[in-house]
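Asks: Chain by chain, the residues:
2 protein chains.
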Amino acid sequence: MTVIEAIESRRAIKHYDPDHEMPEEDLARLIELTKLAPSSFNIQNYRLVVVRDPELRKKLRSVAWDQAQVTDASVLFILCADLEAHLADPAKYWSHAPQEVQDMLGPAIKPFYEGKEQLTRDEGIRSSALAGMTLMLAAKGMGYDSCPMVGFDPEEVAKLIRLPDHHALSFMVAVGKQTKPAWPRGERLPDSEVVIHDRFD
Amino acid sequence: MTVIEAIESRRAIKHYDPDHEMPEEDLARLIELTKLAPSSFNIQNYRLVVVRDPELRKKLRSVAWDQAQVTDASVLFILCADLEAHLADPAKYWSHAPQEVQDMLGPAIKPFYEGKEQLTRDEGIRSSALAGMTLMLAAKGMGYDSCPMVGFDPEEVAKLIRLPDHHALSFMVAVGKQTKPAWPRGERLPDSEVVIHDRFD
Numbered sequence: 001m002t003v004i005e006a007i008e009s010r011r012a013i014k015h016y017d018p019d020h021e022m023p024e025e026d027l028a029r030l031i032e033l034t035k036l037a038p039s040s041f042n043i044q045n046y047r048l049v050v051v052r053d054p055e056l057r058k059k060l061r062s063v064a065w066d067q068a069q070v071t072d073a074s075v076l077f078i079l080c081a082d083l084e085a086h087l088a089d090p091a092k093y094w095s096h097a098p099q100e101v102q103d104m105l106g107p108a109i110k111p112f113y114e115g116k117e118q119l120t121r122d123e124g125i126r127s128s129a130l131a132g133m134t135l136m137l138a139a140k141g142m143g144y145d146s147c148p149m150v151g152f153d154p155e156e157v158a159k160l161i162r163l164p165d166h167h168a169l170s171f172m173v174a175v176g177k178q179t180k181p182a183w184p185r186g187e188r189l190p191d192s193e194v195v196i197h198d199r200f201d
Numbered sequence: 001m002t003v004i005e006a007i008e009s010r011r012a013i014k015h016y017d018p019d020h021e022m023p024e025e026d027l028a029r030l031i032e033l034t035k036l037a038p039s040s041f042n043i044q045n046y047r048l049v050v051v052r053d054p055e056l057r058k059k060l061r062s063v064a065w066d067q068a069q070v071t072d073a074s075v076l077f078i079l080c081a082d083l084e085a086h087l088a089d090p091a092k093y094w095s096h097a098p099q100e101v102q103d104m105l106g107p108a109i110k111p112f113y114e115g116k117e118q119l120t121r122d123e124g125i126r127s128s129a130l131a132g133m134t135l136m137l138a139a140k141g142m143g144y145d146s147c148p149m150v151g152f153d154p155e156e157v158a159k160l161i162r163l164p165d166h167h168a169l170s171f172m173v174a175v176g177k178q179t180k181p182a183w184p185r186g187e188r189l190p191d192s193e194v195v196i197h198d199r200f201d
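These protein sequence lines are chains W and Z, in that order. All the letters of the first sequence, read from the start, carry residue numbers 1 to 201 under the working numbering. All the letters of the second sequence, read from the start, carry residue numbers 1 to 201 under the working numbering.
Heads up, a few of these hints could be off.
Chain W regions said to be covered by chain Z (calculated; three or more residues, Cβ under 8 Å) [to be verified]:
no., segment
1, 13 to 24
2, 47 to 56
3, 85 to 97
4, 130 to 137
5, 155 to 165
No wet-lab data here; the hints were simulated from the structure. In this text, all values refer to a predicted model and were calculated from it rather than measured experimentally. Cβ coordinates follow ideal geometry from the N, Cα and C atoms, glycine included.
The task is simple: from the sequences and hints, build the whole structure.
Replies: Below, the structure written as structure tokens:
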């Protein structure tokens, strides 16, 4: 499947075969591809919670508007972010780069985020979304469908997955084998409403 | 190019042919594909600022760590979000859906966000990133390279593009024809550091 076809055919699918189990090798490959998403300074601050425990899925569904895909999709990913990823030794993220790049970027990471709580949170949400979009398109390429979700009680979900301090909960992505297609995609807003040339009026 | 190849071969490219101009039909197609990214409740709250004015690009480069791609890429996209998109008439986003879906989801949008400033901002950053990732992979499929960027002074950039109130500035994506490849991609963090099974310890 071409990347253009994947973008054009990806839809938020709500109905999945509850009996389908994703093979371990597919899950590993999906995670490998997701990890190729970019992150600022390569800090890889996204965290992928892979939920397969059926009991936990039931509990999550009960705090996610009782949406069927939470229990019925093959895998439920909960995308989170570690809001302290920038505090680690920069060598962790940059040991592969030429020395002059390491010397320039390594020391820049911590001061860029330090004391900037909103920027740090934005970075967590952004990285998790870059990873989540990559995950959804990779899934499509591997013969799966997906559904991104924000319809849940974030405090209850955080409790159920024991989200640690200094982490943000971003969104969920259900991945599985569809049993019912989405309704026809609606028109997008016209460019005049979402595209701005050079600067706002 | 397959979607898997696009994900695997996309890199943050810093050096572009400054003489390349993106044909209007490529730009229109890239925007069309970007707009297929999902957004919560389909509110399409991302805003794509397409910067081609060379004078403005020079000024942006001066507040973006003097990074060459800001002026040299064919197009500079600045991804923003309208933090009041959820206040519009829901029919704007849902007129395509079956009546029972409209009846259920339409009235849910405003109360979901109302009075929740952090959630609204998260949604803006998330949507802009879902769109930006789609943009980068679509660009790859169309024979372009890209570079996502947060290395800029957000207040100065906001002034230069006259970012309106109730909008968030998220990140930039330069798109163009590369003249120099990226250095080899480094190892990603091991799954043990970014993948959590079922729940955190």
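Asks: Within the assertion that chain Z covers the segment 130 to 137 of chain W, do at least three residues meet a Cβ-to-Cβ distance smaller than 8 Å?
Replies: Holds: 6 residues of the segment 130 to 137 of chain W have a Cβ under 8 Å from chain Z.
Asks: Is the coverage entry for the segment 13 to 24 of chain W by chain Z consistent with the three-residue Cβ rule at 8 Å?
Replies: violated (count 0)
Asks: Count the residues of the segment 85 to 97 of chain W with a beta-carbon closer than 8 Å to any beta-carbon of chain Z: does the count reach three?
Replies: holds (count 6)
Asks: Examine the segment 47 to 56 of chain W: at least three residues should have C-beta closer than 8 Å to a C-beta of chain Z.
Replies: Answer holds; 8 residues pass the 8 Å Cβ test.
Asks: Is the coverage entry for the segment 155 to 165 of chain W by chain Z consistent with the three-residue Cβ rule at 8 Å?
Replies: holds (count 5)
In the structure shown, a violation is registered for the earlier hint numbered 1 alone.
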